[in-house]
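Undergrad: Take a look at the letters that make up each chain.
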Amino acid sequence: MVLCALSIFAIVALIASELVTGSKLTWTKFGFDFFYKAFVDPDTKQLNYWDPVNGQFSALPFLYGTLISSFLALLMAVPLAIGVAVFLTEMCPRWLRGPLAFVTELLAAIPSVIYGLWAVFVLVPLMREHVNPLLIHMLGWTGLFSDDNPTGLGFLTSAVILAIMILPIISSLTREVMTAVPHSQREAVLALGATRWEMIRMGVLRNARIGIVGGIILGLGRALGETMAVTMVIGNSTDIQHSLLANGNTMASVIANQYAEASNDLHLSALTEIGLALFIVTIIVNALAQVLVWAVTRGAPAQAR
Amino acid sequence: MGGNTRSAGAGEITRDRRTGLGGSRVRSGNKLRSKIRSLIDGAATGMAVLSTVLVVAPLVIIFVYLIYRGASSVNLDFFTQIPKPEGEAGGGMANAILGSAILLGVASAIGVPIGIGGGIFLAEFGRGTKLANAVRFTADVLNGVPSIVMGVAIYGLIVKTHSPFLPFSGHFSAFSGGAALGIMMIPTVCRTTEEMLRMVPHAVREAALALGVSNWRSVLSITVKTASPGIITGCMLAFARVAGETAPLLFTALGNAFWSSSLDRPIAALPLQIYIYALSPYDDQHRLAWAGALVLIVLIVLAVSLVRYVTSRGVLKGAS
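Chains as they are written, first to last, in the numbering used here: chain G, 1 to 305; chain C, 1 to 320.
Just to be clear, a hint being listed does not mean it is correct.
[As the list claims (entries may be wrong)] Within a straight-line C-alpha distance of at most 25 Å, the following computed SDA-like cross-link-like pairs (lysine to any residue) qualify:
{"no.": "1", "chain 1": "C", "residue 1": "160", "chain 2": "G", "residue 2": "188"}
{"no.": "2", "chain 1": "C", "residue 1": "130", "chain 2": "C", "residue 2": "216"}
{"no.": "3", "chain 1": "C", "residue 1": "130", "chain 2": "G", "residue 2": "13"}
{"no.": "4", "chain 1": "C", "residue 1": "160", "chain 2": "G", "residue 2": "14"}
{"no.": "5", "chain 1": "C", "residue 1": "31", "chain 2": "G", "residue 2": "13"}
{"no.": "6", "chain 1": "C", "residue 1": "130", "chain 2": "C", "residue 2": "199"}
{"no.": "7", "chain 1": "C", "residue 1": "35", "chain 2": "G", "residue 2": "206"}
{"no.": "8", "chain 1": "G", "residue 1": "45", "chain 2": "G", "residue 2": "24"}
[To be verified] Every beta carbon over 10 Å from chain G, so not counted as near; a handful from chain C, in silico:
{"no.": "9", "residue": "45"}
{"no.": "10", "residue": "85"}
{"no.": "11", "residue": "87"}
{"no.": "12", "residue": "143"}
{"no.": "13", "residue": "166"}
{"no.": "14", "residue": "167"}
{"no.": "15", "residue": "168"}
{"no.": "16", "residue": "169"}
{"no.": "17", "residue": "204"}
{"no.": "18", "residue": "205"}
{"no.": "19", "residue": "206"}
{"no.": "20", "residue": "211"}
{"no.": "21", "residue": "213"}
{"no.": "22", "residue": "232"}
Keep in mind the hints are simulated off the structure, nothing from the lab. Predicted model, so just to flag it, every value in this text is computed and none were measured. By construction, the Cβ of each residue, glycine as well, lies at the ideal position given by its N, Cα and C atoms.
Throw the hints in and build the complete structure from the sequences for me.
TA: Structure (structure tokens):
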């Protein structure tokens, strides 16, 4: 039994050591430059980031893509998730609570590839025909929505599908920490003459905020590493473009796209190093989230300050 | 908490107290404020309901669309035929179903025993120790490691290395895919097993120990046995989760257009095939992808519902 438990440590160590040995080649060649430097293409004399043929690699576009798509996804998912959690814990009639919780649970269990399939055939045409033209028309002047990508793929589409995928995680954790807030807190605020919303805001959300942040960070961890659905709709480009409707790539999607067909050892090593970076980032993010959630649901309920 | 807790009653109190001090101006100001407050209250309620609708809507849309597209494509051929060459009508995913079954068999053989063992340690032998807390924390963190990273690690560990000690190493193989999925099952199985064991009432343990049974015996034949329906469904949940995993298979199991049941060769898998077909330009392959997705989702919904059913009754009531 102890051995089985210890195997968890062994797995983490094994993954780490495999990723480190696998990325040695790029690490010795590029060092830290790998994560923030572009290089000048010898043929076109332009900035380039990813050139398997000439053996030049930089992870910058993928870091950018991961950050942009995850950030947009959080922007869409967090308010909705908190709204759902508030509804389920504070307002929902009892008979509806069970089925709704089940539905959000189910949303978490659908495989990534099925979200991707749905996105390719439903979401992408929707974005292409309706949402993107509208955004370009109304917000084109900001420069964030340029109309040079007619495919409907891109950062925004993948952010929408990511938001749908991380919603259940954030909302179920938020729900958990909200139920952990003691009833006396709610009653105290109500006794002072608060409306229901004021009670939720002051008595519940404020006491649960650390746990909610934990849930959001956990959702961020999922968004950073989400692979298949994003790979299918992000458009796979290795450039950095500032438009949110442009094609791009995330760290996970570039690995999924190129790993099996890597042209040489250096290419493989560069992809492995991206994997290593993803591993380290997700470990940090998840550990942080775990600590925050535990701080609320474990020991004493959060102190009102 | 129930009932209507709008501001009316509460507003009355403040107003009464204030009227003694101020004049009619304060009174009307308070009236306005309480009106605004109840308005904000209503708006917040509306937002919460709206967001719930917005969250449930995509699920309903996805399901309806999936059933609509999938049901029209599932037929006997789907379960008995292997894929036809590209562009040709018909064909099925029989080889992918077999492949998924083999991959999941390997995964369960690796993930279930180790996961249950770890779970028993966490809940019974190591309860409250520093080691158990560290293991629990690491398992939760490992649960959040992206599956694609697991694929990269297994690629380095099994696919790329030629080691005489590792079976099936040195090339893409069904075994490497199964191993990747199995490792992903361990933290999930471990944590659900622990939660289920914690649900077993202490009285059951004490009864066993009072009869003079040794600790390990009581754990194995009393506690674990009591929790076994929960543990089994927990395993099914982990099983359903990895059944839909695609990313770790991309460069371990690789996929295969033909029949293969050998652990030593690349093998097809249902989610992998869905991925490939979704991005293909042929309508027939799109049809197969939808059918495959429907089969996969039915499997998963069954597992999730079963878990809910088991944990909502009997001794294990309240878990999960």
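Undergrad: None of the hints should be skipped; say for each whether it holds.
TA: Now for the hints, and whether the structure bears them out:
At roughly 63 Å between alpha-carbon atoms, residue 160 of chain C and residue 188 of chain G are farther apart than 25 Å, so this suggested pair is violated. For the proposed pair residue 130 of chain C and residue 216 of chain C, the alpha carbon gap of about 21 Å is at most 25 Å, so the pair holds. Between residue 130 of chain C and residue 13 of chain G the CA atoms are separated by roughly 19 Å; this keeps the pair inside 25 Å, and the hint holds. With a C-alpha separation of about 15 Å, the suggested pair residue 160 of chain C and residue 14 of chain G falls inside the 25 Å cut-off, and the hint holds.
Distance hint between residue 31 of chain C and residue 13 of chain G is unfulfilled; the C-alpha atoms sit about 64 Å from each other, more than 25 Å. Pair hint residue 130 of chain C plus residue 199 of chain C holds up; C-alpha atoms about 21 Å apart against a cutoff of 25 Å. With a C-alpha separation of about 24 Å, the suggested pair residue 35 of chain C and residue 206 of chain G falls inside the 25 Å cut-off, and the hint holds. The straight-line distance between the Cα atoms of residue 45 of chain G and residue 24 of chain G is roughly 29 Å, outside the 25 Å bound, and the hint therefore fails.
For residue 45 of chain C, the condition that its CB be more than 10 Å from all CB atoms of chain G is violated, with the nearest at approximately 6 Å. With a minimum CB-CB distance of about 21 Å to chain G, residue 85 of chain C clears the 10 Å threshold, and the non-interface call stands. The claim that residue 87 of chain C is not at the interface with chain G holds, since no C-beta of that chain comes within 10 Å of its own (minimum 19 Å). Once the 10 Å rule is applied to beta carbons, residue 143 of chain C is inconsistent with being away from chain G; the minimum gap is 8 Å.
Once the 10 Å rule is applied to beta carbons, residue 166 of chain C is consistent with being away from chain G; the minimum gap is 12 Å. No beta-carbon of chain G is positioned within 10 Å of the beta-carbon of residue 167 of chain C; the least distance is around 16 Å. Its beta-carbon lying about 17 Å from the closest one in chain G, residue 168 of chain C satisfies the requirement of being farther than 10 Å from that chain. The non-interface label for residue 169 of chain C is consistent with chain G: the shortest C-beta to C-beta separation is roughly 13 Å, beyond 10 Å.
The claim that residue 204 of chain C lies off the interface holds: its Cβ sits roughly 19 Å from the closest Cβ of chain G, which is beyond the 10 Å cut-off. For residue 205 of chain C, the non-interface assignment is confirmed: its Cβ lies about 16 Å from the closest Cβ of chain G, beyond the 10 Å cut-off. With a closest Cβ-Cβ approach of about 21 Å to chain G, residue 206 of chain C is found to remain outside the 10 Å limit, as its non-interface label requires. For residue 211 of chain C, the requirement that its beta carbon stay farther than 10 Å from each beta carbon of chain G is met, with the minimum near 22 Å.
In this structure residue 213 of chain C is separated from chain G by more than 10 Å, as the shortest Cβ-Cβ distance comes to about 17 Å. Every Cβ of chain G is farther than 10 Å from the Cβ of residue 232 of chain C; the closest lies at roughly 17 Å, confirming the non-interface assignment.
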